[in-house]
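Protein chains in written order, with the numbering used here: chain A, 1 to 208; chain B, 209 to 275.
Check each hint, because a few of them may be wrong.
Claimed, not checked - Interface residues of chain A toward chain B, partial, derived using beta-carbon atoms under 10 Å: (1) Ala-13; (2) Ala-59; (3) Asn-167; (4) Val-169; (5) Pro-170; (6) Leu-173.
Think of the hints as simulated: they come from the structure by calculation, not from any bench.
Please read these numbers as outputs of a predicted model, since none were measured by experiment.
Don't be surprised by glycine CBs; every beta carbon is placed ideally from N, CA and C.
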Amino acid sequence: MPASVIVLFCLAAAVIALFIGFRVRFTRSREGKMLAFVALFALPIMAAWAGFSEQMDRAESTKFCLSCHIMEDFGKSLYIDDPSYIPAAHFQNNRVPRDQACYTCHTNYTMFGTVTAKMHGLRHLWVQYVGTVPKPEAIKLYDAYNNRECLHCHLGARTFEQGSTHNKVPDRLSLIKSNKLSCVSSGCHEFVHDVASLKDATFWKEKR
Amino acid sequence: MDTSVTERRIRWAACQIGAGLLVQLGSLLVVHPLAFVAFLMVGCPLVGLGIIVYLIALVSSDSPPAS
Chain A
1 MPASVIVLFC LAAAVIALFI GFRVRFTRSR EGKMLAFVAL FALPIMAAWA GFSEQMDRAE
61 STKFCLSCHI MEDFGKSLYI DDPSYIPAAH FQNNRVPRDQ ACYTCHTNYT MFGTVTAKMH
121 GLRHLWVQYV GTVPKPEAIK LYDAYNNREC LHCHLGARTF EQGSTHNKVP DRLSLIKSNK
181 LSCVSSGCHE FVHDVASLKD ATFWKEKR
Chain B
209 MDTSVTERRI RWAACQIGAG LLVQLGSLLV VHPLAFVAFL MVGCPLVGLG IIVYLIALVS
269 SDSPPAS
């Protein structure tokens, strides 16, 4: 449902609820009771659910993640003109949806992955507004990056399964698949956001 | 129970729901983590509380005995 429709729906529900509030004698009639039930029970639940769904969708957007000042450098790192930088290569080549670039790689693909990602987001907010904000280059992941997130897309892909580097050493592929050898380990896809080196980097300018 | 008590509860519920929905509406106008928090921590509890107050008003109101 488009956000504008949800906004209008919330507005209409609020106006009807407030109308009932200011004309409470109206609820003495049978019609008034029915309208009150719709306005004070059915509509608010529908509006809140639609809004919640929209907010959850928005919380997965790149714009949302980069709206905090501290995340700006991470956003810039998506435009580094160097294919060895994994986030930049994925973002610039549409290997992840650009409008959900952060979420696609930083959620975890488990049953409660989305909830965990949202809880982490709330913790980020707490640090941003109440705690001590670290420098961008000091920001670390809560846990070591799990290959499961990469394999969510790459598992079964020809370039992954039959790639010469992945098959150069026996068992390497199985080690990767079992998360015993990290995709982002040194000598593999080691350049991730690396925001500390941004000042020396050149950036890709997208032609529009 | 006095009818005015029920009506007062309905009015109170309507105000809470209206305020909650307006907060939710406001939070939908901007894409920002604080808007998300305002929606979850202010809008949703206000609406939820209003609905509960309304339901309490319904179950505690005296209706005329069925003839």
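Hint by hint, here is what the structure shows:
no., hint, result
1, Ala-13, "holds, 5 Å"
2, Ala-59, "holds, 6 Å"
3, Asn-167, "violated, 43 Å"
4, Val-169, "violated, 43 Å"
5, Pro-170, "violated, 46 Å"
6, Leu-173, "violated, 39 Å"
Violated hints for the displayed structure, listed by number in ascending order: 3, 4, 5, 6.
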